[in-house]
Every structure is written in C-alpha cells, then in structure tokens.
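Can you make the complete structure from the sequences, with help from the hints?
Respectively, the protein sequence lines represent chains A and B.
The first sequence begins at 1 in our numbering and counts up one residue at a time.
The second sequence begins at 1001 in our numbering and counts up one residue at a time.
The reader is advised that the hints may include incorrect statements.
[To be verified] Derived contacts from chain A toward chain B, CB cut-off under 8 Å, selection only: (1) Glu174; (2) Ala186; (3) Gly193; (4) Glu342; (5) Leu441.
Keep in mind the hints are simulated off the structure, nothing from the lab.
From the three backbone atoms N, C-alpha and C, an ideal C-beta is built for every residue, glycine too.
Number of protein chains: 2
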Amino acid sequence: VQGLRHDLSAIVGDEGMPSESELATYCHDATIQRGLRGRADAVVRPADARQVARVLAYCYEQQIALVPRGGGTGLAGGATPVVGGVVCSLERLRSVLEIQPALWRMRVQAGLTTAAVHRLARENGLYFAPDPGASELSQIGGNAATNAGGPHAFKYGSTGDLVSELEVVLAPGEIAHFGSGAVKDACGYDLRGLLVGSEGTLGVITELTLRLLPAPPRRLAMVLFLEDRGAAQRLLLEILASGLRPAVLDFVDGKAFAAAAGTFPASPHAEIGMALLLELDGLDGQVQSERAEIESLAAQHQALEVVCPPARPLWRWRDGLSLAISAQRGGKISEDVAVPPERLDQAIGAIYALGESYDLPACTWGHAGDGIVHATFMIEPSCASQLERALAASEEVFDLAHELGGTITGEHGVGWTKRAAFQRHTAKAALRAQRQIKDALDPKGLLNPHKNCPLENS
Amino acid sequence: VQGLRHDLSAIVGDEGMPSESELATYCHDATIQRGLRGRADAVVRPADARQVARVLAYCYEQQIALVPRGGGTGLAGGATPVVGGVVCSLERLRSVLEIQPALWRMRVQAGLTTAAVHRLARENGLYFAPDPGASELSQIGGNAATNAGGPHAFKYGSTGDLVSELEVVLAPGEIAHFGSGAVKDACGYDLRGLLVGSEGTLGVITELTLRLLPAPPRRLAMVLFLEDRGAAQRLLLEILASGLRPAVLDFVDGKAFAAAAGTFPASPHAEIGMALLLELDGLDGQVQSERAEIESLAAQHQALEVVCPPARPLWRWRDGLSLAISAQRGGKISEDVAVPPERLDQAIGAIYALGESYDLPACTWGHAGDGIVHATFMIEPSCASQLERALAASEEVFDLAHELGGTITGEHGVGWTKRAAFQRHTAKAALRAQRQIKDALDPKGLLNPHKNCPLENS
Chain A
1 VQGLRHDLSA IVGDEGMPSE SELATYCHDA TIQRGLRGRA DAVVRPADAR QVARVLAYCY
61 EQQIALVPRG GGTGLAGGAT PVVGGVVCSL ERLRSVLEIQ PALWRMRVQA GLTTAAVHRL
121 ARENGLYFAP DPGASELSQI GGNAATNAGG PHAFKYGSTG DLVSELEVVL APGEIAHFGS
181 GAVKDACGYD LRGLLVGSEG TLGVITELTL RLLPAPPRRL AMVLFLEDRG AAQRLLLEIL
241 ASGLRPAVLD FVDGKAFAAA AGTFPASPHA EIGMALLLEL DGLDGQVQSE RAEIESLAAQ
301 HQALEVVCPP ARPLWRWRDG LSLAISAQRG GKISEDVAVP PERLDQAIGA IYALGESYDL
361 PACTWGHAGD GIVHATFMIE PSCASQLERA LAASEEVFDL AHELGGTITG EHGVGWTKRA
421 AFQRHTAKAA LRAQRQIKDA LDPKGLLNPH KNCPLENS
Chain B
1001 VQGLRHDLSA IVGDEGMPSE SELATYCHDA TIQRGLRGRA DAVVRPADAR QVARVLAYCY
1061 EQQIALVPRG GGTGLAGGAT PVVGGVVCSL ERLRSVLEIQ PALWRMRVQA GLTTAAVHRL
1121 ARENGLYFAP DPGASELSQI GGNAATNAGG PHAFKYGSTG DLVSELEVVL APGEIAHFGS
1181 GAVKDACGYD LRGLLVGSEG TLGVITELTL RLLPAPPRRL AMVLFLEDRG AAQRLLLEIL
1241 ASGLRPAVLD FVDGKAFAAA AGTFPASPHA EIGMALLLEL DGLDGQVQSE RAEIESLAAQ
1301 HQALEVVCPP ARPLWRWRDG LSLAISAQRG GKISEDVAVP PERLDQAIGA IYALGESYDL
1361 PACTWGHAGD GIVHATFMIE PSCASQLERA LAASEEVFDL AHELGGTITG EHGVGWTKRA
1421 AFQRHTAKAA LRAQRQIKDA LDPKGLLNPH KNCPLENS
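Structure, rendered in structure tokens:
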C-alpha cells in the first residue's frame, strides 16, 4: 500500500493525496445509512483529465481496481469501494470552462457541484432542470454517470438528456470525446448515451457540455390534496392524458406527508391519502390557463383542497422530505423502483402490505408522472432485525416493480445494492449483452468492479 | 447460392423467399439516386422474430453477412447489401400487437410502416410525432434503427426518444428485450439506446413499444418569409431564446423554395432569402398567445410576410420538397449535416460557396431548430462529372460541419456513404470505442458489415 500511494502521488502530487484522516469519508456513499462501508487502498484527487488518464493507466498496468467518485451522495453504493483499490475523486475538477448564455450552453468539469451548475445557469438567465437531492454535495459528473433525475426531470429529462458532449477517460488510460455541438447527432453508436448512467464502470467522465434552457418567465407550484389514493391515481392519469405538461408531477403519500407536515409551506390540512405536487411553467397566460384546467380536473376528482405555495420553499420542503422521514424512527431503507404510471396506486398498496407483513412502517413518495416510487420502510438503525426485514421487504418491492411491468430502479441506478435484483429480473440474453459491453470497454474489469452488473459473471 | 437459398427456405418457407424478379428491389435503398446498388446472395422475408433469429444463427454458422432491411428509404446506403450476403427484410412483421390508447402506448412489429403508426395513433386520439419522409414506405423498425427524425422531431424527439422497449435479435441468433414499461429506467447499460441508431450493425430490431402522446387539441402552421438570411438567423435565435417551443422549426432557403413555390399552399411572394416553417401546438389559448409572440418577433426582424396555411397541406408540401428539388435538373446529392443552430447561416453561406466552386447549383433546407441542414447540390443524373463533383463537394460539407462544431450526420446516419467522413472526423480513442462495441455484440462482423463504421478497422 505504501508503494501504491507513492506511485500515485508521483502522478497527482501531494495535493492530490488526501491525508490519512480524510480517507474514511471516501469509503462510503449515502448507503452508509444501511451500514455499507468499503475500504480503499488509496484515494487520489487528480487535478485534471490527463492525471485521471494516468491514474487509470497505472491501475490498468498494476491490475488494481479504480472507483470513480463524485459527491458521494449516491443511494445504491455505486461509489463505495467494496473490494478495495483506488478511489478517484473528481472534486478538484471543478472549473467552469465556458458559458455561452445566448446559446444556452455550459462546458464544465465533472467535479462541479450540481448546485453550482444551477446557480451559474440562474445568474445567466438560464435554467438547468435536473434536480436530484443533495445538490450542494453531488457533482454534475456523478449526475451524468448515474443519469440522475429529480422532480423537474419529468418535463425536462434526466441529466443525460441535457448532456450534449462528454469527455471521458477510457481504459487503458485514454481521453475520448463523445457527442458534438449539434442538437441531434446520428454519427456512429451513441457512446455519449451509453456512458450516461454507466456508473463509472465503462469510463470516468471528466468534462461535460450541458444544454441549458431559457428560464421560464413564470413558475407556479400547486399542491392537490386527496383523501383517496384511487382518486389520486385517476386524477394523475387525467392530468397526463390532458396533454398538459407540468414541469413537476410528484406525489407524496399521506404517511410520508404526515412526517413533514409541520414544515409544509402552506396551511395545515385534514388527513390525506395523497398529495400531488405540481409545478407549471412557461408564459404567464399559459400558466394561468393550465392552472385553471388543473383546478377543474382536481375538483372533478374530489380533491380536498388545492393550494399554490411559493415554488422555492415547496421544493426545499420536498428536498428535505427524505430526512424528515428518516427522523421518524432514526433510519429507513428506501428504494426507487418505477412502474408504469397507471400502476402507481397498485404499487403503493402492495408496498403498504409488505410493510405490514414485515412489521415495518412503510411510506412512499416520488415522481408520479414518471411512475417512480421511493418505496420506504422506516427502521430504528440500532435494530439489526429491522434492517434485515427492511432489506428483505425491499427485494420484494423489486419483484413487485418487475411484475407490474416496471423496473427495479427508476433513477438511482443498480450500484452495488441492487445487483441481486438486477440478475433476478434480467433475461439471460440481455444480461449477456450487458456483460459484452462491459468486457468490451473494460476488458480487465477494473473500472468500479461489481457495480451496475449482476451478482456473478453470466 | 442454390444451397444457401435452399437452407434459408427451410427456415422461412416459400412465402419467405421472394421470386427471382423481385430480388433487384432489395439490393438498394434511396441512394440508388446516386447509382449505389448492391448484390444479394439471397433475400429472406421471415414471418416472425423466431425466424429472424434462426436466419441470423444460420448466417453466423455459415459465416455469411446479414443485411437487415426496413422500407429501403434510407439516404445513406445503410440497407444496401454492398458485399453480398443475405438481405433480411422485415416487411412481413407488420402486426399491431397491442394498443393501449388510455396509456398512450402501442406495441408493434418492426415492419409496420411509419404511416400506419401515424394513422393508428390518430384513430385513437393520439399522436406519434416523428415524421421522416416517405412514411408510406419506411418502416418503424428502420426508423428506430436509424433514429429517424423529421420536422416534428424538434419538439418531440426522434424515433428513439419515443421507443420505450425493443425486442432485438442479437448474434449469434438470440431474442433479447431491452427497456421496460417504466418511463425512466436506470437499470444497467442503456442497450435500448445503443441499439437505436445502430443501423442494423448490432442486432435486428423486431418489435417496438412506442410512446404516444395525447393529440394536441390545436395546431397552427406559420411560415415566416425573410429577404435576408442573416435576419432569418437572428430571428431563429430569438425564437429559440424566447422559451417558446414550436412543434416544428424548419427552414427552406430561397433557392429550395423557388423549386417548389408553385405548389406552396398559400399566396405567392416576392423573392425571399429564407422561409421559416413553424407549427405551434397545444391548447387553443396557448397557441394564440405563442402566435402573437412569434408575429411580434417576426416583425422585429423585418419579415416580409407571415402566413398561416393549413398545417397538413403545408407538411405535405414540405415532404415533397426533396422531389421538387430533384426535378430541377433530374437529380441531386443531398447530405444531412448538422451544426449548432447559431451557425446555420454561416453553414448555408459556405455550402453556396462550395456550389460555386464546384460549378453546381446548391440549395439547402432542413430543421433550423436542430441545426440540421440538407446540403444539396443539383445534378443531371446522366452527367458523371456532375455526380463526381457533387460527391466531392459533399465531402467538403462534412468537413465544414465538423469545423463548425457540428456533425457529419444529424439524422440520416453514417450508413455506407459517410464512412470516409466518419473516419476523418472521429478521434482515434472514440473510433476505437466504436469498434469495441461492434466487436462485442457482433464478434464475427456479419451484421450489416461496413455500415455505420469507419473505412478500415481501426
């Protein structure tokens, strides 16, 4: 290990080598909640893509695993060094290389935080829509590597949809560029798209060109409270069928809402089965006509109440929901399955039933328009049996999502924690193609090993 | 060859083997215009995906090339059997397997025509937006394999953006499924996305689940005529910056317009430098307010005239533009480069200059909002020197698009005709990754060989 660190410091310099006391923070991501902690033989913080390439070349030569790391906010263990090796943190690659406000483009390094991207866009009258949680910590490169979403991904797409060009370090240590300045590009295989969501298992994203949007002149947040979940499901489908396209179409079930009702930025309410959280955006007249239509649909579906709180406090509240729910018992296991939107109610009902059968309080929230359900079982972290039951219940949630025609992960990725479910719910021919892609771009299997792939080689 | 045909007929039956007199039509696509014709050792028309898999297995065993074929309307030679082998036409896979109008989904076989998809959607109150030309002939599977676009792809995306699930026959002869019923799916590598646009070089698409949209209640077509191309460029950027999102934002330059002015579905006009063709869609009030805004922007940029012809005749006219331009001299060479939208004017000016230096009339039209330029040189088909000059000019157009930060192909794909440009304008590391993907999924190199890949192995 001393030799390894010595060799690496020759590449990245002293500044690129964290001190001994810092190492532990690089050995886990947000799954530390469930006790998932790895072990790194070394941690490097390269200063640029060339250093990343040299680090990867070294690892490839020495047959050492390399685990790329963004902000460490992932929810599937994707950045956790589960088998040792070298953690490669992108945190020093945080330059803004180019902003072209009139052309709604920004070229940045991978380590820039998501919040910084949002701020820069805003300061230039523009808008970068994807808004996964923990934006002050999470990095834009990690967002692309996991194709992170968030509430506003409903209308505007996930991170990958807004990345037009990528600089990537590929094995065995080369810098490549994918994509172009054109809006549509039909040249060759879509490697830009393939790298998006690949969780650092095919290459290390070092630079991105982002597609910004003109900031919508008007935004209006709406919350529709419903007593009955079935009515909420019907209302959701009517909103989708109406041709309206809200920027956000989230849901929070009654149990999740109760956990954070005290800080909700509007008047308190009777007990609800579900709240739909919307944001309308666009020109003022358009937003007003859409609001009227949503209100009319809500009335037809027996909404208890419709409120329009200011948008930013609402989304801050929404962003804090996960923490408020954790606070109920001290911890939770929460997975991000996705189902066809018409099966949302059915999925939620089944998740409640699982909570009962595993004797754990369950709740759900998520992106209703995309059918993404954060299926959550609340636990006391000190109780090993609760954790075990919650993990078992989560595996059943994966099975459920698959049965309903959905997927085991709508936005958080497979990472390390969903490998078993990935294997269980992917047919053999598709698994083999997945493996072929991995072997083609990472023939030695050293790029973030065991992540975003089935349990065993297949 | 007799033995080969005998073996294949054992798989696909007599109905699956075209007669001798039919074979020639399977040996070219729309690049026959420029004299590109291949040679097939056999042509098969399998009845289902299982037969496709058996044909591919046979070809893999016998080391024979397999060229998948949709409607044969491609503009890059992608379906032309350039090195012989077996042409596999998907035309008999034309079943509609499932329509769920309330859920805006349709599952169809790959050989269904694009026009049939449009009609089925319309009959169910829905809308399938991608509208490449020749929709009565082109097939939805081919549209996905080439990620075909068309005018309405500006707002709604290309074919691949609306394909949620694919059934694909992979080498060495296996049926796989990619994607799920979820709107967003973060499970594993995006093989659905990788197969989209792969031009039959990684697998044969046999079935697709399409994402339909609610039909917009109101559509309004607008044509903005401008004298000056520079003013048109500035107007384009203002429309993009306004946050308006027309369904279509096409352009037709003055020379292309002149070729079809006689059949234009509105009153005739003074000489123009450029026409912008828009379609607004949505709720009535929204369309009207957007129309007012577009009119005001047009007035600010000295538009000569703004007309609102009925939408369907306008898009029929637009669809016939390519033929009208061919009719000028009997033939043309037209390539679909794409540039960043702010460089459209610059690209067009340079294309005109190339026309002059090669002594060929040039014109352009395309998808202004996406920066896609159909760079066209008109030729007399009987004149070999004109064809040669047009092809040389086109290679310079590819170089130009690359220099302007764009791509050699915005929507038609690399196929066979753009291999040299693909190689010239792709860096070594990216080319190698392209090759690794091809080798991984088609280790014997028998799936549509030499297409969508550089001239030589790299």
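**Message:** Using the nearest Cβ pair, does leucine 441 of chain A come within less than 8 Å of chain B?
**Reply:** holds, 6 Å
**Asked** Can the hint on alanine 186 of chain A be confirmed by a CB-to-CB distance to chain B that is less than 8 Å?
**Response** With a minimum Cβ separation of about 5 Å from chain B (threshold 8 Å), the hint on alanine 186 of chain A holds.
**Asked** Minimum Cβ distance from glutamate 174 of chain A to chain B below 8 Å?
**Response** OK, holds: glutamate 174 of chain A within 8 Å of chain B, min 5 Å.
**Item:** Hint check, glutamate 342 of chain A versus chain B [nearest Cβ-Cβ separation less than 8 Å]
**Value:** Hint holds; glutamate 342 of chain A Cβ to chain B Cβ min 6 Å, cut 8 Å.
**Prompt:** Can the hint on glycine 193 of chain A be confirmed by a CB-to-CB distance to chain B that is less than 8 Å?
**Reply:** This hint holds: glycine 193 of chain A lies near chain B, its Cβ roughly 4 Å from the closest one there, short of 8 Å.
In summary, the structure agrees with every hint in the numbered list given earlier.
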